[in-house]
Structures are given as C-alpha cells and as structure tokens.
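Take the sequence shown: its position 23, counted from the start at 1, is 27 in this note's numbering, and no numbers get skipped.
Keep in mind that a hint or two might mislead.
[Stated by the list, open to error] What follows is a list of derived Cβ distance ranges for each label pair: (1) M44 with T96: 17 to 27 Å; (2) D110 with G79: 18 to 28 Å; (3) K85 with F52: 18 to 28 Å; (4) R45 with A109: 38 to 48 Å; (5) K50 with D110: 36 to 46 Å; (6) A94 with R45: 27 to 37 Å; (7) K25 with V73: 12 to 22 Å; (8) Q93 with R45: 29 to 39 Å.
Simulated from the structure, these hints should not be mistaken for lab results. Ideal Cβ positions, reconstructed from N, Cα and C, are used throughout, including at glycine.
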Amino acid sequence: MYGMPEERAEEHRRALRELAKHMEPYDLRCRHVERVHLPMRWGFDKGFLLPPEMDVYGGGRFVVTVAVVDVPGGGAWYLVKRPDGLPVQAYTVGDPAHAAEAIAADTAG
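Taking the hints into account, I'd like the entire structure generated from these sequences.
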C-alpha cells in the first residue's frame, strides 16, 4: 500500500487514542476512522493509506474531526476540522489533556 507509512500511521493512531481518553470526562464520544484512497483508473489500482482521523460526537451530534499532522521542524499536532472539513484549530500532541479541554470548550453549546 502506498501513502502514509504504516509506522507513522500507528504513531498517529496512538496519539488519537490518547486524546480520546481525555475526551471522556467531557462527555464527548470518539470514533476512529481509517481512510484509504482506492483509485479506479482502468480497473483497480493500488490503494493509498491516508492519515487516520477521529470523529468526535457530543450531545448526539457530530461536532469535529481530529487528525494528527506532522509539521516539519515543529513536531506532531492535533488538527481540528469542522464538520464541513475546514481546519479551525491546532493543538500540540504533547498535551492531549489541554487539547481535549479546548475542544470541549469550543464544542459546548
């Protein structure tokens, strides 16, 4: 499979699982999403492994998607996207408790 190396994808999954643990006290539920791009040019082609994401639900509705992005020279960051896909905020992976608190505050109401 092409795309994101599996080792890197697993690092991202670990970071998302850690964030999910910190979301529970805020009554936010998380669903991990594995994304694969399957091109169909002249039949089936090799797939691309895309970065894993996590959908976050609160109050019975879909509130945000969180992905982990690697910034050259800046480490890994949680990238928070609105339901329409627009990125709205980033938090360092090194402090998942702060990221969960900020996401909960932003999605309250």
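Numbers of unmet hints, in rising order: Number 1 - this is the single hint that the structure violates.
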